[in-house]
Amino acid sequence: MIDIARAEFFANLYWMKNNKGLLVAMVLWPYIMVALVMGLGYIFGSPEIYAARMGVRNPVLFMLSASVVAMSSVTIIDTVAGYTLYNRWLGTLNYILLTPIRTPRLLIAAGLPTALFSPAVTVSSVMPAVLYFEGLSGLVNLVLIYFIIILGMVPLLGISVIAASLLLIVKEESNIINSLVPFLLLVSGVFYPVGILPHALQLVARAVPVKYVVDAAKLVSALSTETGAALFTVLYILALMGVTYNLAAFLFVGRVDAKAKAKGVD
Amino acid sequence: MSRLRPIVYLHLLRTWRYKYSFLNSTLNITFWIAIFILGALLFVPKEELPTTGPYVFWGVTLWNIISTSVWYIAGWSIWFFVSLGLVEDHMLHNTRTLHVLAGRLVTIATQIAMVTPLMYLLVSYATGTRFPLATKPLFLLYGLGTATVMAVSYSLILSAISLRTGVPGPLIDITNFLIFIVGGVAVPVSMLPGPLKTVAIAVPYSHAAEVMRYGAAGLEPYLPLGTEIILSGVIAAAMAAVAYVLFSYLENKYIRIHGVRGVGRM
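Chains as they are written, first to last, in our numbering: chain V, 1 to 266; chain A, 1 to 266.
These are computed hints drawn from the structure, not numbers from a lab.
From the three backbone atoms N, C-alpha and C, an ideal C-beta is built for every residue, glycine too.
Errors might be hidden in some of the hints.
If you want the ones that stay clear, here's a sample from chain V, every Cβ over 10 angstroms from chain A, calculated [to be verified]:
| id | residue |
| --- | --- |
| 1 | I4 |
| 2 | R6 |
| 3 | L13 |
| 4 | I43 |
| 5 | R57 |
| 6 | P100 |
| 7 | Q202 |
| 8 | L240 |
| 9 | G264 |
A few chain V residues facing chain A, derived, Cβ under 8 angstroms [said to hold, decoys possible]:
| id | residue |
| --- | --- |
| 10 | L28 |
| 11 | V37 |
| 12 | L40 |
| 13 | P47 |
| 14 | Y50 |
| 15 | Y146 |
| 16 | V170 |
| 17 | V190 |
Chain V with its partners taken away, still in its complex shape (with noise of 0.2 angstroms):
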């Protein structure tokens, strides 16, 4: 496992160095999300407004914050699934899936690397808006929030691959599964509170881990011991969802994984 997912690694290092134009995107990505949701909202209404909504001090450090969650999660979920279709593209799936080692422990070593890189990215790229907005003391924040992103990516990490194995028993070679992530954002509240969601989608809003990062990293921006207090409990949500989505995930994908190898991939 520890191998497999070096060799990810590296060839996610080396996939950016080839792609430059993919890096520079990724860079790019937040500022993008923050300038459309921004550039809109300033045009029609006032940032003033939107702050008192939203219970921040700052609307664009926010957004940041934001965006960089809503990238890694797209990262990661579209790297894990993407995994399993591009050997199936590649016509190499089929001796992937005979190799020794088990369908979700390869699945999760596939995304392992991107869990930790993409938000390292995504982090470093919105750090001279930070900087610039907030000195130091944002930076520290922007730290922290990281390391609760990673948090967030394992029970992500645990939901792409149960989206990953979808795609095993599916037959249909394209990315059925890439309106995963734009629900999983959308029912999060990533820029905007749940609250405005239908009554529906804020049940399931509680059992995505997103969410609770998104929540954790409103909390971190506004720091004292009443949100500490707070951002253990949603820590102690993450943990437990990962625990739980991981678990899941190892179940759905032996029983896949066993479908899969009974009848073959196409």
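With chain V held as given, fit chain A onto it using these hints.
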């Protein structure tokens, strides 16, 4: 007509063959737009939400036409048609690549027909009002028509370029977002801050968007209405002509001598 029929059939069949992917794509677009719109509308004072609704809805619809055209024509040709070597195959069967790619309009129209009602529901929910779709339908249709011709032509130009050289995908996405914000697509040109008005006027889509907004909500365009109608028609025709001439040159002169992406030169 006899050549058009198999192309339309091809794209209809392909859309049916990839039905899960197609549905997933519809949800994917809807969720992403929802994330940004719900965030942006939090900047708007509650009492102004009903008047903002039509601008946001038609801005998003126009952006969807631009973005879907780019990905379904240019993206499809770069990552599928060219990569699989289908250009040469179609040429040998006396079928023009231009016609096959323009036929993607079938898929684009189906996708837009599915996303647009969802967008209306979303914007209605977010603004808390059921706004009328059009006050002057003919102007709205004219704006939509010219915008579609511009979007398809732009996509065909990108496809034509991809036959000769690489086109960086992430940068296409970034350009789409920039056009949305500063190109007079998302917001009326008159509402943009000073220098951005000039930028918006230089973006072809802004003229079609201004006519659309006049037809949808009766908002007077930044330039006189007659000028906007002439400009959007002339620009749409010019872009279609450039796409046609560029494709004809590449198909008849460049590819026949050098091969796709100049492989024949090696």
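Here's how the hints hold up against the structure:
1. With 10 angstroms as the threshold on Cβ separation, the claim that V/I4 sits away from chain A holds: the shortest Cβ distance comes to roughly 27 angstroms.
2. Residue placement check: V/R6 keeps its beta carbon more than 10 angstroms from all beta carbons of chain A (closest about 27 angstroms).
3. Under the 10 angstroms C-beta cut-off, the non-interface status given to V/L13 relative to chain A holds; the minimum distance is some 18 angstroms.
4. Not every CB of chain A lies more than 10 angstroms from the CB of V/I43, the least distance being 5 angstroms, so the non-interface label is violated.
5. In this structure V/R57 is separated from chain A by more than 10 angstroms, as the shortest Cβ-Cβ distance comes to about 15 angstroms.
6. Distance to chain A confirms V/P100 as a non-interface residue, since its nearest Cβ pair spans about 32 angstroms, more than 10 angstroms.
7. At roughly 13 angstroms from the closest C-beta of chain A, the C-beta of V/Q202 stays outside 10 angstroms, upholding its exclusion from the interface.
8. Every Cβ of chain A is farther than 10 angstroms from the Cβ of V/L240; the closest lies at roughly 26 angstroms, confirming the non-interface assignment.
9. Once the 10 angstroms rule is applied to beta carbons, V/G264 is consistent with being away from chain A; the minimum gap is 19 angstroms.
10. At a threshold of 8 angstroms, the smallest CB-CB gap from V/L28 to chain A is about 6 angstroms, leaving the interface hint in force.
11. Satisfaction of the interface hint for V/V37 is found here, the shortest Cβ-Cβ separation to chain A being roughly 4 angstroms, below the 8 angstroms cut-off.
12. Interface restraint check: V/L40 against chain A, minimum CB-CB distance 4 angstroms, threshold 8 angstroms, status holds.
13. Contact between V/P47 and chain A, as hinted, is supported at the beta carbon level, the nearest pair being about 7 angstroms apart and thus within 8 angstroms.
14. Proximity of V/Y50 to chain A holds as hinted, the smallest CB-CB distance being about 5 angstroms (cut-off 8 angstroms).
15. A least Cβ separation of about 22 angstroms between V/Y146 and chain A goes past the 8 angstroms threshold, and the interface hint is therefore violated.
16. Look at V/V170: its Cβ gets to within about 7 angstroms of chain A, closer than 8 angstroms, so that hint holds up.
17. Among the interface hints, the one on V/V190 holds; its C-beta lies about 6 angstroms from the nearest C-beta in chain A, closer than the 8 angstroms criterion.
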